[in-house]
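Please put together the full structure from these sequences, using the hints given.
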Amino acid sequence: MILRRWAVLSILLFVCLTFPFTITNVVVKGLETVPLTSVLERIDYSGDLTEKDVEEIARTIFDMGYFASVKPELIPGKEGYTLLITVKENPKVKDWKITIDGEGLLDVKDLEKLVTIEKRKALNVKRVQESLENIKKAYEEAGYIFIEVTGNMRKDTFEIIVEEYALWDVFINGEAAGIDISQIVKEANLNLLKDFYSASPLVRFFTMNKKKFYPRVSDINRFIQTLRLNAFFSEETTVNFKKVTMDNVEEKTIVLIVNVVQRKIIDKKRSFSCIEVIGNKLLSRDEILRAAKIKPGDVLENHEILAAMNRIMGEYKRRGYPFVWVDASVEKDKLMFKVYEKYISKIEVEGLKTTKPYIVRNLLRVYEGNPLKSEDVAETFSYLNNTRYFSSVDIKPLFTQNATDVKLIVDLKESDKHYFIVGGVAWAPPDGEWWEGLAGNVDLSAVNVWGYGQRFSFKLDLGIKKKTVSFDYKIPSPFALPFDFGFNVSCEKLNATDTSVATNTLTVGVDFTTLPIKGNTFRFGVSFDDVLNLENGKTLTVLGGYAYDKRDSKYVPKNGFNFGVNVWKAGILQFNAKDYVKVEGYAGFYTQILDSLTLNMKIFGGKVFLNRGKESVELWGPESLRGYDYLEGESAFLVSNNLNWFVKEDPVIVVLGLFLDHGDVSNDEGIFSNMKTSFGPKILMSLPILGNVEFGYAYKLMEREWAPYFVLGQEF
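Just so you know, the working numbering puts 187 at position 187 of the sequence shown, and the rest follows in order with no gaps.
To be clear, the hints were calculated from the coordinates, so they are not data collected in a lab.
By construction, the Cβ of each residue, glycine as well, lies at the ideal position given by its N, Cα and C atoms.
You may find that some hints are simply not true.
Unchecked claim - Here are the simulated distance ranges between beta carbons: (1) Ser-391 - Glu-368: 21 to 31 Å; (2) Ser-392 - Val-581: 43 to 53 Å; (3) Val-693 - Val-639: 17 to 27 Å; (4) Trp-706 - Lys-293: 57 to 67 Å; (5) Asn-221 - Val-508: 52 to 62 Å; (6) Ser-392 - Asn-209: 12 to 22 Å; (7) Phe-563 - Pro-681: 21 to 31 Å; (8) Leu-643 - Trp-706: 49 to 59 Å; (9) Phe-563 - Asp-195: 31 to 41 Å; (10) Cys-274 - Asn-209: 51 to 61 Å; (11) Tyr-546 - Ala-177: 48 to 58 Å; (12) Asp-530 - Val-654: 24 to 34 Å.
To be verified - BS3-like, lysine-lysine: derived pairs with alpha carbons at most 25 Å apart: (13) Lys-121 - Lys-94; (14) Lys-211 - Lys-242; (15) Lys-407 - Lys-317; (16) Lys-210 - Lys-194; (17) Lys-396 - Lys-356; (18) Lys-569 - Lys-582; (19) Lys-466 - Lys-676; (20) Lys-92 - Lys-155; (21) Lys-602 - Lys-550; (22) Lys-136 - Lys-212; (23) Lys-346 - Lys-373; (24) Lys-607 - Lys-465; (25) Lys-119 - Lys-29; (26) Lys-126 - Lys-94; (27) Lys-700 - Lys-676; (28) Lys-126 - Lys-97; (29) Lys-88 - Lys-119; (30) Lys-137 - Lys-413; (31) Lys-465 - Lys-676; (32) Lys-194 - Lys-242; (33) Lys-113 - Lys-211; (34) Lys-281 - Lys-396; (35) Lys-295 - Lys-269; (36) Lys-582 - Lys-602; (37) Lys-317 - Lys-295; (38) Lys-194 - Lys-252; (39) Lys-137 - Lys-109; (40) Lys-121 - Lys-29.
This is the structure in structure tokens:
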């Protein structure tokens with residue numbers, strides 16, 4: 001009887017909850033850190049509800065992320081039901097922190113800005129997931145893919161653990177005959193952590209930054225591209241990664257595994273009576289066969305033919321023609337090599353917003369219809385990168401192996417920095433007041449503000465014996481002409497000496513510089529000087545110059561060389577208050593000894609052939625003999641040697657180094673009777689707005705004393 005009554009009550013309750021009912025009140029129990037209002041604002045219990053609606057309300061509260069459990073319960077009343085929701089909060093978070101297991105590829109302070117976990121509140125699993133995804137995304141946007149981000153609650157602190165994985169080694173599985181994987185790794189410029197541990201401590205210290213052993217997507221893509229351009233690897237070849245733990249290695253590591261399926265040309269050993277080459281224009285048949293190192297009658301295995309294909313492609317690459325593909329096939333008793341040389345079919349420039357397209361076109365050294373050459377691509381990259389118009393430059397070739405057409409994408413990101421402070425300042429201890437040892441210049445400039453590549457520059461030169469204020473305007477390729485145009489107006493004050501009076505000179509000039517062609521530029525200029533406080537003080541001067549620049553950077557180069565010469569002839573027509581010929585020349589040689597260690601030597605010299613007036617060659621500012629005061633004379637000579645260790649390169653270049661300078665000025669027909677030498681340590685930084693900043697301590701060998709110095713700007 002009792003069981004029957006319970007059955008009747010259960011059936012009645014089920015019927016009541018199945019049909020619509022009304023909730024008149026909501027009570028939430030179990031809240032400790034989560035405000036009641038934040039829960040109630042998510043509940044809508046107006047109108048008639050069903051059991052499904054109650055379940056949806058509970059799910060909505062649970063989806064807030066703060067609760068381990070949410071239990072709804074209906075309590076009947078006179079006018080409707082009271083909804084009692086009992087919750088259990090997640091553990092309370094007193095604090096959170098980020099722990100990086102690795103080299104700290106991204107700044108932890110930047111990562112902390114991505115964390116949305118609330119302190120002094122119940123742990124919100126949705127915010128945890130959001131924070132982990134934000135950090136993972138930040139690494140992906142920086143190009144890193146071998147990253148694991150997890151989180152754990154430790155007592156009352158939530159710890160986010162970021163595990164960064166370095167690449168230890170590359171292995172091959174499968175058909176390995178003839179393959180030198182170490183050479184492929186070298187060609188792909190893939191950095192392996194095992195090389196760090198096998199290097200000497202001295203090499204590690206000077207040349208190896210551990211961060212470079214953590215591969216980016218671009219590194220892996222470059223390696224895969226290298227495999228695709230290698231004849232050994234067919235399309236069935238795959239690449240995968242595996243976590244490994246190495247003894248006595250503290251870093252988290254992975255290895256890259258190449259599962260090789262070799263390209264098939266022949267199934268078994270055989271010889272050929274004839275070897276033919278087709279598709280070649282850039283190299284002759286004989287040059288190709290010499291590179292292949294096989295000849296008719298040789299008994300060859302499949303991997304030896306593949307190696308010959310690689311040698312042919314290597315010869316093209318050595319001659320400066322990248323991405324050339326060689327295919328091989330067999331026709332009866334003949335081995336055929338078909339060469340797919342790469343020619344530029346189309347060039348597209350992307351990313352321009354303000355900069356006019358003709359400005360970029362004039363800097364391109366790659367042309368449609370021409371063969372793709374590494375030198376032309378590198379030169380184009382250098383010209384675009386050194387303009388300061390763009391914060392990033394990328395040149396991407398798009399091609400297929402079995403085709404000759406290459407589409408070049410010139411991907412540019414315009415710089416949002418248009419204003420700069422550059423120039424040169426030097427200081428050496430003077431005999432008088434400290435400020436009397438200052439010499440140099442400050443150049444306040446605006447670059448490419450309206451997209452025409454123009455440069456406005458206000459320059460202040462503070463020399464020991466003269467001071468100059470000038471305004472310069474330069475615009476590249478006006479009206480799309482093949483030269484750059486410059487205009488200059490300046491005012492110079494020359495201090496009085498024992499043999500001369502103080503003078504104030506106004507100068508107006510124009511100059512034209514050709515666009516660089518294979519690194520070569522020519523310059524021509526005309527200037528008019530008027531010494532305002534002299535009756536016959538007018539001088540007309542013409543300038544001719546030549547420069548060759550093959551450096552990889554104009555600011556802190558690692559490789560390449562440059563040289564140039566400028567010649568001034570003053571005293572043209574009747575404007576001959578000054579009459580002289582002045583010649584200045586320079587040269588620089590830069591070489592990379594190790595990955596982060598470079599050596600360079602720079603030479604500067606000049607000579608004035610004076611007939612009337614006064615003119616000199618100066619060693620000061622960026623061209624100073626470091627540690628010495630302002631030097632001037634009818635002749636000047638300077639050799640500057642630098643050993644540079646690149647401590648940091650992104651986003652600011654920081655260099656520690658040693659220098660050795662040797663030089664002097666003379667008024668004795670070019671005979672330097674008192675050559676000066678200085679050497680010492682230095683610190684150089686290349687800053688986005690200021691340019692190069694260098695300071696150091698120079699030991700002056702002849703005087704046997706130390707002197708600090710400071711230089712702002714490029715040396716020469």
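Here is what the structure says about each hint:
no.: 1; hint: Ser-391 - Glu-368: 21 to 31 Å; in the structure: holds, 27 Å
no.: 2; hint: Ser-392 - Val-581: 43 to 53 Å; in the structure: holds, 44 Å
no.: 3; hint: Val-693 - Val-639: 17 to 27 Å; in the structure: holds, 23 Å
no.: 4; hint: Trp-706 - Lys-293: 57 to 67 Å; in the structure: holds, 60 Å
no.: 5; hint: Asn-221 - Val-508: 52 to 62 Å; in the structure: holds, 54 Å
no.: 6; hint: Ser-392 - Asn-209: 12 to 22 Å; in the structure: holds, 21 Å
no.: 7; hint: Phe-563 - Pro-681: 21 to 31 Å; in the structure: holds, 28 Å
no.: 8; hint: Leu-643 - Trp-706: 49 to 59 Å; in the structure: violated, 19 Å
no.: 9; hint: Phe-563 - Asp-195: 31 to 41 Å; in the structure: holds, 36 Å
no.: 10; hint: Cys-274 - Asn-209: 51 to 61 Å; in the structure: holds, 53 Å
no.: 11; hint: Tyr-546 - Ala-177: 48 to 58 Å; in the structure: holds, 54 Å
no.: 12; hint: Asp-530 - Val-654: 24 to 34 Å; in the structure: violated, 46 Å
no.: 13; hint: Lys-121 - Lys-94; in the structure: holds, 7 Å
no.: 14; hint: Lys-211 - Lys-242; in the structure: holds, 20 Å
no.: 15; hint: Lys-407 - Lys-317; in the structure: holds, 18 Å
no.: 16; hint: Lys-210 - Lys-194; in the structure: holds, 11 Å
no.: 17; hint: Lys-396 - Lys-356; in the structure: holds, 21 Å
no.: 18; hint: Lys-569 - Lys-582; in the structure: holds, 7 Å
no.: 19; hint: Lys-466 - Lys-676; in the structure: holds, 23 Å
no.: 20; hint: Lys-92 - Lys-155; in the structure: holds, 9 Å
no.: 21; hint: Lys-602 - Lys-550; in the structure: holds, 14 Å
no.: 22; hint: Lys-136 - Lys-212; in the structure: holds, 19 Å
no.: 23; hint: Lys-346 - Lys-373; in the structure: holds, 15 Å
no.: 24; hint: Lys-607 - Lys-465; in the structure: holds, 19 Å
no.: 25; hint: Lys-119 - Lys-29; in the structure: holds, 22 Å
no.: 26; hint: Lys-126 - Lys-94; in the structure: holds, 17 Å
no.: 27; hint: Lys-700 - Lys-676; in the structure: holds, 8 Å
no.: 28; hint: Lys-126 - Lys-97; in the structure: holds, 17 Å
no.: 29; hint: Lys-88 - Lys-119; in the structure: holds, 18 Å
no.: 30; hint: Lys-137 - Lys-413; in the structure: holds, 22 Å
no.: 31; hint: Lys-465 - Lys-676; in the structure: holds, 21 Å
no.: 32; hint: Lys-194 - Lys-242; in the structure: holds, 15 Å
no.: 33; hint: Lys-113 - Lys-211; in the structure: holds, 22 Å
no.: 34; hint: Lys-281 - Lys-396; in the structure: holds, 24 Å
no.: 35; hint: Lys-295 - Lys-269; in the structure: holds, 15 Å
no.: 36; hint: Lys-582 - Lys-602; in the structure: holds, 20 Å
no.: 37; hint: Lys-317 - Lys-295; in the structure: holds, 22 Å
no.: 38; hint: Lys-194 - Lys-252; in the structure: holds, 12 Å
no.: 39; hint: Lys-137 - Lys-109; in the structure: holds, 16 Å
no.: 40; hint: Lys-121 - Lys-29; in the structure: holds, 16 Å
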